[in-house]
Amino acid sequence: MTQALFADFLDASVRNATPLLLAALGETVAERSGVINVGLEGTIIAGCLAGLVAAGAVGPEAGLLASGLAGVLIAGIFAFVAIALAADQIITGTAITMLGLGLTGTLYRVVYGDAGAALTAPTLAPIGIPGLEQIPVVGHALFRQPLPTYLAALLVPTVWWWLYRTHSGLALRATGENPAAARASGIAPGPLQAIAVLFGGLCGGLAGGTLVLAQVGTFAEGMSSGRGFVAIAIVALGRWHPVGAAIAALFFGMASALQFVFQTLSLNVPYQLFLALPYLLTLLALVFASGRYRAPAALGARTSRSE
Amino acid sequence: MVIPSGTNRSVTARALRLSLSAIRRTYGAVTALDGASLKVAVGEVHALLGENGAGKTTLMKIAFGLDQPDEGAIAIDGEACTFRSPRDAMKRGIGMVQQHFALVDAMTVAENVALGAGGPFDLGRTVAVIEEISRASGLPLDPAARVRDLTVGAQQRLEIIKALARRSTTLILDEPTAVLSPGESAELLAWTRRFADGGGTVILIAHKLREVLSVADRITVMRRGRTVLTGLASEVTESSLADAMLGASSSQPESATAPRAAHSIENTPVISLTGVSVRDSMGVKRLHEATLTVSRGEILGVAAVEGAGHSELLRVMAGRLAPSDGTLVAPAEVGFVPEDRHRDAVVLEATLTENVALRGAKSRRGVIAWNAVRKTTASLMRTRDVRSDNADALMRTLSGGNQQKLVVGRELLGAPAALIVENPTRGLDIRATSEVHAALRAARDDGTAIVVYSSDLDEVLALADRIIVVAAGRVAAVAADRDSVGRAMLEAQ
Amino acid sequence: MKFRRIVRPLFELSLAGVLAVVVLALLLWASGYPIERSLSALWSGAFGSWSIIASGTIVRATPLLFTGLAVAVAFRAGILNIGAEGQLLTGAVAATAVAMTVSPTIGQFGAVLALAGGVLAGGAWAGIAALLRLRFGVLEVISTIMLNVIALNLTGALVRGPLQEATHTFPQSAMLTSAFRLPRLIPGTRLHAGVALAVVCAIAMAWFLRATASGFRLRMTGANPRAAFSAGGIDVARVSVTAFIASGAIAGLGGAVEVTGVTYALYENLSPGYGYTAIAVALLARLNPSSAIGAALIFGALESGASAMQRDAQVPAGMVGVVEACVILVLLASEWVGARAGSVRSFLWGGPPRTAVQAEVADS
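Chains as they are written, first to last, in my numbering: chain A, 1 to 307; chain B, 1001 to 1493; chain C, 2001 to 2364.
Hints listed in this document are in silico derivations from the structure and should not be mistaken for laboratory results.
Yeah, the Cβ is synthetic: ideal placement off N, Cα and C, and Gly gets one too.
Don't take every hint at face value.
[What the hints assert, rightly or not] Pair ranges (Cβ atoms, derived):
| # | chain 1 | residue 1 | chain 2 | residue 2 | range |
| --- | --- | --- | --- | --- | --- |
| 1 | A | Val243 | C | Gly2137 | 50 to 56 Å |
| 2 | C | Arg2311 | A | Glu61 | 36 to 42 Å |
| 3 | B | Arg1167 | A | Val243 | 35 to 41 Å |
| 4 | C | Thr2177 | A | Glu61 | 55 to 61 Å |
| 5 | A | Phe80 | B | Thr1026 | 54 to 60 Å |
| 6 | B | Thr1397 | C | Pro2183 | 29 to 35 Å |
| 7 | C | Val2102 | B | Ser1379 | 55 to 61 Å |
| 8 | C | Ile2006 | B | Thr1151 | 54 to 60 Å |
| 9 | B | Arg1146 | A | Phe80 | 32 to 38 Å |
| 10 | A | Ile135 | B | Arg1148 | 27 to 33 Å |
| 11 | B | Asp1070 | A | Glu61 | 53 to 59 Å |
| 12 | A | His167 | B | Ser1379 | 56 to 62 Å |
| 13 | A | Gln3 | B | Arg1148 | 45 to 51 Å |
[What the hints assert, rightly or not] What the simulated footprint calls covered on chain B by chain A, stretch by stretch (three residues with Cβ under 8 Å from a Cβ of chain A suffice, anywhere in the stretch; the number is not a length):
| # | region |
| --- | --- |
| 14 | 1104-1111 |
| 15 | 1439-1452 |
[To be verified] Quick partial rundown of chain B residues pointing at chain A, CB under 8 Å, derived from the structure:
| # | residue |
| --- | --- |
| 16 | Ala1114 |
| 17 | Leu1115 |
| 18 | Gly1116 |
| 19 | Phe1121 |
With the rest of the complex left out, here is chain A:
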């Protein structure tokens, strides 16, 4: 593989990894508080549509902001039903995904009509860091990317600091391990979990915005393509740690970028293999990571009012 090809491969890897990392960071926080949000897919697709609409109306940066807000909104519904009403998290999450997909598909048609022809959005241009972007091989990949990539990179140490260097982070982690213990220490698990979930929604929405505004440039029904579920797998692979999530996300980004490499090398492999590759790799990785990773002890448990 030539140096130029490898550089392009890295560039594509980082690009693919960005939305996955954003979503995975948010989900890491949520799962650390004990809530598994399979409705993440719904927040992503909501971010996609909101990003398109706001970018068309105002501009790409506004689009990114709007996508985050849309994610918060969808996650808010999930938080209300799964936390406040203490419903089963898996069923609620599935409903939220169905809601997100159906709602965005419907709204898209309602607003833009049946034509749905390549409605393009103004996109976020790559921002280069002078000097660093000239580094051979990794320069472009790491230092010449659109805004969301830098955002994701900054979010990793931010989330780490939040979880491990603040009281709220400690309380959040305790809630995910033993809500009764948290309660006995004067912590209210419910509101904390809600904040974690809303943060997850914000990140999921941003991930969707990234897809539209920094990659594809347009919207299509169902364009999230299961990335929400890949993000959930990334969280598990990353051992529920923000740095782990970053590594796992990059790994997945590389897997997707392989398609590009193979095509350039004119290797004739059905493209479905590449579409399926991240999911296959997730399964394999979960198998090899088994036994040694510990999920938060109270992950998925219904929130209860009393002991």
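Place chains B and C on chain A using the hints.
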């Protein structure tokens, strides 16, 4: 003011620290507290006594803000207060160590102490604070240790240090000695004495009279959600306390009248273990080369503190756990009444009939004859006096005592060769307790080999024909008297 | 007792149907569509005539019933099988493969063989997740979703490759010959034998759970695996794996039925999310196989009416997906209301549904 030590202290000169008046609390149809009161003075060790279900824990949960009363008043240092959450109580200097520890296993001691505390987040400072408190109070603890690696006694010390770190001056300890060996219990009780002498206040919830009388200044007895007796520890006797706890017209403690040597123990072994060892999931040996026999028609009592390895021993005998080494000879079907009924013995969301059908579920084939099972259940309910509407009621609707009676009855169906029971009367009222004890004795008289473990040493002594002690994973036979057993339980701790 | 067993589910199902219509009306109003025209289009698309009921609603409900049963039996055993979608697809693939390789001289037995292929394939696909769960502790929520996507892409690759029709123009298989097609129950309609098979499965599963020892063991394992082991001596691992595979087999049968009874060919978008709607079906049915028939019909009616609604009133078909999601959310919310209302709840909803996730968490 010079405060003399010992239990002969005058309390008139001391200010009232905590006052609970006329507290009423109902949960649906159940009245947990019916006008209970408690007055605790500064600097005293106050024992709160009562049988299981008397309302002691409920009352203290209200004092700690974990629950709110329907009626009644709380006052701290003379000021009326309402506690909406533990945070409010902690602000007033009240700390509580519950029976089931509220600790996060995956985190370290320091993180657990830092949880919920105010001020800037600085684990280094928390470690320093822990070391300081540990030294000053005489409670050894390693701030860097992970909770899941700590012994039960150490975890309890952590709970106390947590409360002290929150500047608690009043400590509520709920059945603290239940998980400790007699030696550790004595140490803890002596510590509470020193803490009170230093100006702190301790409320000790217990149901073991002898222990608390040795350190308490004053005593309050509760029964059926009410306060029935309160006074100086120096002015009560064990029998007056027992009367108050059980009711004035209570009969003699059953242990005195239970016929012990009335039957002869046949020497036919039913269960025999030779060199049986058990390793846990981490590979650590929990039971070391146990060798023992249980014969037809006898009750073997097992005495141990939590974590001693008796849990594994019981499950090996019951056939629910495979030994890592050694030989086990046991009947194909052994009855088992585990201590966590809701988790291991019953399905709350299923009907009584379905729960009875669980017995032998593994070997059922084809279609289940539900009518026959229903009949069996109904007759079981009659003979064991299980109070419920009918055999199709959900298990969830039964009281704890009735659930347990049904479980014991189910396990004794078909007169099995052996039965293992673990804390069979925990949480049960006196009536249900004596009914379960009678059922066990009757089964023994019919020839069943029974193994009984109870964390209540008196229960073991009352029921058993002979006793073994499990200490640090090793089994030893002991004479059936309190002192021998107590000493043996301490071995290798 | 029997009265309550029939009346309560019927009441709940009717309530859900009404709820769906109300939610739909609200959505239509909010999006500015003509409510009356849309709803009447929905109704006529679902129940307009006997032939529509037969060829539309019931036929649409059939794969939902198969996958709904699959999800229900898995959830009852404490298994979070979100993979009915992929299991259905692999079943469809297997049925098609059988139809393409076995000689048509086999006669009508060919259809049976194709269905058998679907059962085996669906079971095997679920078996992968079951094995991962058993041997490696992989959460089946994640693994089954992964397998769904893999199955989709597998199907896509196959219909553009080895299973593609002879002219190699379209991404679909060749049409199934009559030997492999399911017979029609009512000539002139699309009502095929698979419908009867689905109903039989539902009744059989209800009987299995209620009356047999195996079914009892399955239910107890899902309700409380620790007590099932300790008090009943039940081999929880074995029961779970068997239930998981059986769940996949039923979904696979559903896929095979779709191919041999409705589409007569395999293509990538065979399933518009049946496996996910199945969760709604199972939840609505309170995990009872007999109630699943009614629940599947409600969703079948919604989806059948949706196409008519799109055609006659230009309402996007995705609206129905939103309605389904809202129905689930409202049902979940009503559980909370019901829990607060005490006795009203016991009358309306009975006990809480299996919290499969709790069993899962307890085991990890």
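message: Of the numbered hints stated earlier in the document, which are not met by this structure?
response: 1, 5, 6, 10, 15
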